[in-house]
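Asker: This is what each chain is made of:
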Amino acid sequence: MIKASGLYEGDAASAPAPVLAPKDKRYDPIVGAGLVALGRALERGGLADPATTAILGITDRGCEAHVAKVTAGILEGKPRQAMFARAGAHTIATYVAMALDCHGPALTLSGGAATAATAWQIAIQLLARGAAGEVILIGADRVGDQLIAAAVVLAPGAVPPVVLGDADADASPVTYLRAIAAAHGGAAG
Amino acid sequence: MECHIAYADAYTTLGHGEALWRALVAGRSGLIPAAEAFPGRDFASDTYVGAIAGLSEQQRMPALLERFAGTIIPDAARACDFVIGASSLGDLTGPHAGKPERLLRAHLGTLFPGLAADRMLVVSSACSSGTDALALAALLLDSGAAHAVGVLAFDSLEAGKLLQHLALGTQSATRARPFDLQRSGTSFGEGGAFAIVAGAEGLRRLGLAPIARVAGFGMSCDALDITAPDPTGRWPSRAIQRALASAGDAARRIGYINAHGSGTALNDRIEALALREAFGARLDEIPVSSTKGAVGHLLGATGLAELVFATWALRDGVCPGSVGLETPDPAIDLQVIPASKVVPGGVPAAMSVTFGFGGVNSAVVLERAS
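Chains as they are written, first to last, in the working numbering: chain X, 1 to 189; chain Z, 190 to 559.
Simulated from the structure, these hints should not be mistaken for laboratory data.
All values derive from a computational prediction rather than experimental measurement.
The C-beta atom is built at its ideal place from N, Cα and C for all residues, glycine as well.
Check each hint, because a few of them may be wrong.
Said to hold, decoys possible - If you only want the chain Z side, here are some residues facing chain X, beta carbon under 7 Å, derived:
no. : residue
1   : Pro284
2   : Lys288
3   : Gln353
4   : Ala412
Claimed, not checked - In the SDA-like style, the derived pairs of lysine to any residue whose C-alpha atoms are separated by at most 20 Å in a straight line are:
no. : chain 1 : residue 1 : chain 2 : residue 2
5   : X       : Lys69     : X       : Ala82
6   : X       : Lys78     : Z       : Gly229
7   : X       : Lys78     : Z       : Asp231
8   : X       : Lys78     : Z       : Arg230
9   : X       : Lys78     : Z       : Gln247
10  : Z       : Lys530    : Z       : Glu515
11  : X       : Lys78     : Z       : Ala362
12  : X       : Lys25     : Z       : Leu357
13  : X       : Lys78     : Z       : Leu357
14  : X       : Lys23     : X       : Gly10
15  : X       : Lys69     : Z       : Ala356
16  : X       : Lys69     : Z       : His285
17  : X       : Lys69     : Z       : Thr416
18  : X       : Lys23     : X       : Glu9
19  : X       : Lys25     : Z       : Leu413
20  : X       : Lys78     : Z       : Leu413
What the hints assert, rightly or not - With the Cβ distance kept under 7 Å, some of the chain Z side facing chain X (calculated, not the full set):
no. : residue
21  : Phe227
22  : Ser277
23  : Gly287
24  : Leu304
25  : Ala306
26  : Asp307
27  : Val312
28  : Ser314
29  : Asp331
30  : Ala334
31  : Ile526
32  : Val532
Just chain X, same shape as in the assembly:
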């Protein structure tokens, strides 16, 4: 079953501050979009046990804004170490862990649209093996001037992802995660 789901889509220049905010706010804008979507997903209830909750981030392009700043610094011969430490795609998951004090697995999968279905399948396996009590799937990307994000919380009893036909390998997996979640009764974009 889907325990909860939430979405966010908006202009990259005017993203709202997330309700779920870790103390460290130096994250890439897509991480913020993911936190907004997750905050919406958890409006009606929290996690069963954050200590056993796993987080699987999903993205295509990763933390482009931070990477661009690090790259610019390198070309000028200057370190941008604070941005560098927060430029990895893994921060989509680890910032959520910090915001909610989650201690299960925390990692991010990068790839095309089908990555959303693979992440969902992996979440089912983590639940089945008892490696996680619940799993948060959190997708976040920047598409043009827009930030898009989706959050889905899967609990024991969750079923494998609905097959939606061939996914466009070059599309964002966030879009595909939204479609799968909607097919499972979750929030629709």
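Let chain X serve as the given structure and place chain Z on it in line with the hints.
Answerer: Just chain Z, lined up with the frame of chain X:
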């Protein structure tokens, strides 16, 4: 868990394949001065890195991937029906800056001919990426979504990336000396590793025999800080305990631990605490080493490279030593071996541990193939 390692190799500053393994067992170090690796830069002459020779200062990853095709990725990999990449950030300059998945996708046809792009993804969990990729491969096999998974970890050390780590204070002013009293940080490096993991059906399709079995794994997150680890060691211990619990009987046969052993003062101390809490008194009987003093810290590739070394330790019954260890830190309560150790009767099972930025902790238990 029906998950076997049928092939394993790594590409490092000490080479690859048997030459690499012989160098590790002999206790050689491939670390070189950063000033020699990047002659156009003003790096201090006594800070050492695990840089691979013959690469440009920037955009090193495309050339590395091209080298993998003729070295650590065998023809048998064409039979893999899924590929999981593992990388932290890859290059920080060029068209694929910070997008290692896009780079791998661009090279997919060369590295894995015939594999569709929707059968590939890249795991990012900072320096635990390679370890977690192997665990995810096991989960994919369990789900039936794949029969044979190629796991490819890769990462690069451009001069600009070394600049970031020097500013963060994680790079040693000298060289990585894991668990030594005088340790002062790690020595970053680069390279890759490749493993084929398969279930019974996958082994049949590949025509390969298993070298080791993935017996169990565990993952956790400190959820404390983006760069600093939790000083108590509580959460890495949780990952190790989960790996032991999921490995069943194999956990009791662990005869070698390839530690993360980054060589930073805090990380090594925390790792020792975490291992002690998870293993208890039995830890006194298990040789522990870090291979980072030999090949460096391979960033997002380090976890898989070290799993490859653990696989070879199982295969040959030899535990590689901890290069750079001269004066063991008395506060580190581990049986760290400074030189390679031949184990009479062989090593039945081994564990590899990695930690990453964001407080990511991972542990995998491997069992020698019967």
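Asker: Does each hint hold? Answer for all of them.
Answerer: Hints, verified against the model:
1. The beta carbon of Pro284/Z comes no nearer than 11 Å to any beta carbon in chain X, farther than 7 Å, and the hint placing it at the interface is violated.
2. The criterion of a C-beta within 7 Å of any C-beta in chain X is met by Lys288/Z, whose closest approach is roughly 6 Å, and the hint holds.
3. Nearest Cβ of chain X to the Cβ of Gln353/Z: about 4 Å, under the 7 Å cut. The hint holds.
4. Of the supplied interface hints, the one on Ala412/Z holds, with its beta-carbon coming within about 4 Å of a beta-carbon of chain X, less than 7 Å.
5. This hinted pair checks out: Lys69/X and Ala82/X have alpha carbons roughly 10 Å apart, not beyond 20 Å.
6. Under the criterion of a C-alpha separation no larger than 20 Å, the hint pairing Lys78/X with Gly229/Z is consistent with the structure, at around 15 Å.
7. The suggested pairing of Lys78/X with Asp231/Z holds, with an alpha-carbon distance near 12 Å, which does not exceed 20 Å.
8. Straight-line distance between C-alpha atoms of Lys78/X and Arg230/Z comes to about 12 Å, which keeps the hinted pair within the 20 Å bound.
9. Among the hinted pairs, Lys78/X with Gln247/Z is consistent with the structure: their alpha-carbon atoms are about 15 Å apart, no more than 20 Å.
10. At most 20 Å may separate the alpha-carbon atoms for a hinted pair to count; Lys530/Z and Glu515/Z meet this at roughly 16 Å.
11. Taken as a hint, the Lys78/X and Ala362/Z pair is honoured in the structure, with Cα atoms around 19 Å apart against an allowance of 20 Å.
12. At most 20 Å may separate the alpha-carbon atoms for a hinted pair to count; Lys25/X and Leu357/Z meet this at roughly 18 Å.
13. For a cut-off of 20 Å, the pair hint linking Lys78/X to Leu357/Z stands: about 13 Å separates their Cα positions.
14. For the hint pairing Lys23/X with Gly10/X, the CA-to-CA distance comes to about 23 Å; that exceeds 20 Å, so the pair is violated.
15. Distance restraint check for Lys69/X and Ala356/Z: the Cα-Cα separation of roughly 16 Å lies within the 20 Å cut-off, and the hinted pair is therefore satisfied.
16. Between Lys69/X and His285/Z the CA atoms are separated by roughly 14 Å; this keeps the pair inside 20 Å, and the hint holds.
17. Straight-line distance between C-alpha atoms of Lys69/X and Thr416/Z comes to about 19 Å, which keeps the hinted pair within the 20 Å bound.
18. At roughly 23 Å between alpha-carbon atoms, Lys23/X and Glu9/X are farther apart than 20 Å, so this suggested pair is violated.
19. Taking the CA atoms of Lys25/X and Leu413/Z, the gap is about 13 Å. The hint holds against a cut of 20 Å.
20. Note on Lys78/X and Leu413/Z: the hinted pairing is violated, with a Cα-Cα distance of about 28 Å set against a maximum of 20 Å.
21. Evaluation of the Phe227/Z hint against chain X yields a violated restraint, the C-beta minimum of about 12 Å exceeding 7 Å.
22. Taken as an interface hint, Ser277/Z checks out: its beta carbon lies about 6 Å from the nearest beta carbon of chain X, inside 7 Å.
23. Satisfaction of the interface hint for Gly287/Z is found here, the shortest Cβ-Cβ separation to chain X being roughly 3 Å, below the 7 Å cut-off.
24. The interface hint given for Leu304/Z is broken, as the beta carbon of that residue sits about 12 Å from the closest beta carbon of chain X, more than 7 Å.
25. Because the beta carbon of Ala306/Z sits about 4 Å from the nearest beta carbon in chain X, less than 7 Å, this interface hint is met.
26. Given hint, Asp307/Z at the interface with chain X, holds; its Cβ is 4 Å from that chain's nearest Cβ, closer than 7 Å.
27. For Val312/Z, the interface hint holds, the least distance from its beta-carbon to any beta-carbon of chain X being 6 Å, beneath 7 Å.
28. A cut of 7 Å between beta carbons decides the hint on Ser314/Z: the least distance to chain X is about 4 Å, and the hint holds.
29. A distance limit of 7 Å between C-beta atoms decides the matter here; for Asp331/Z the minimum to chain X is near 6 Å, and the interface restraint holds.
30. For the restraint placing Ala334/Z at the interface with chain X, the shortest Cβ-Cβ distance is roughly 6 Å, inside the 7 Å limit, so the hint holds.
31. A distance limit of 7 Å between C-beta atoms decides the matter here; for Ile526/Z the minimum to chain X is near 30 Å, and the interface restraint is violated.
32. Contact between Val532/Z and chain X, as hinted, is not supported at the beta carbon level, the nearest pair being about 30 Å apart and thus beyond 7 Å.
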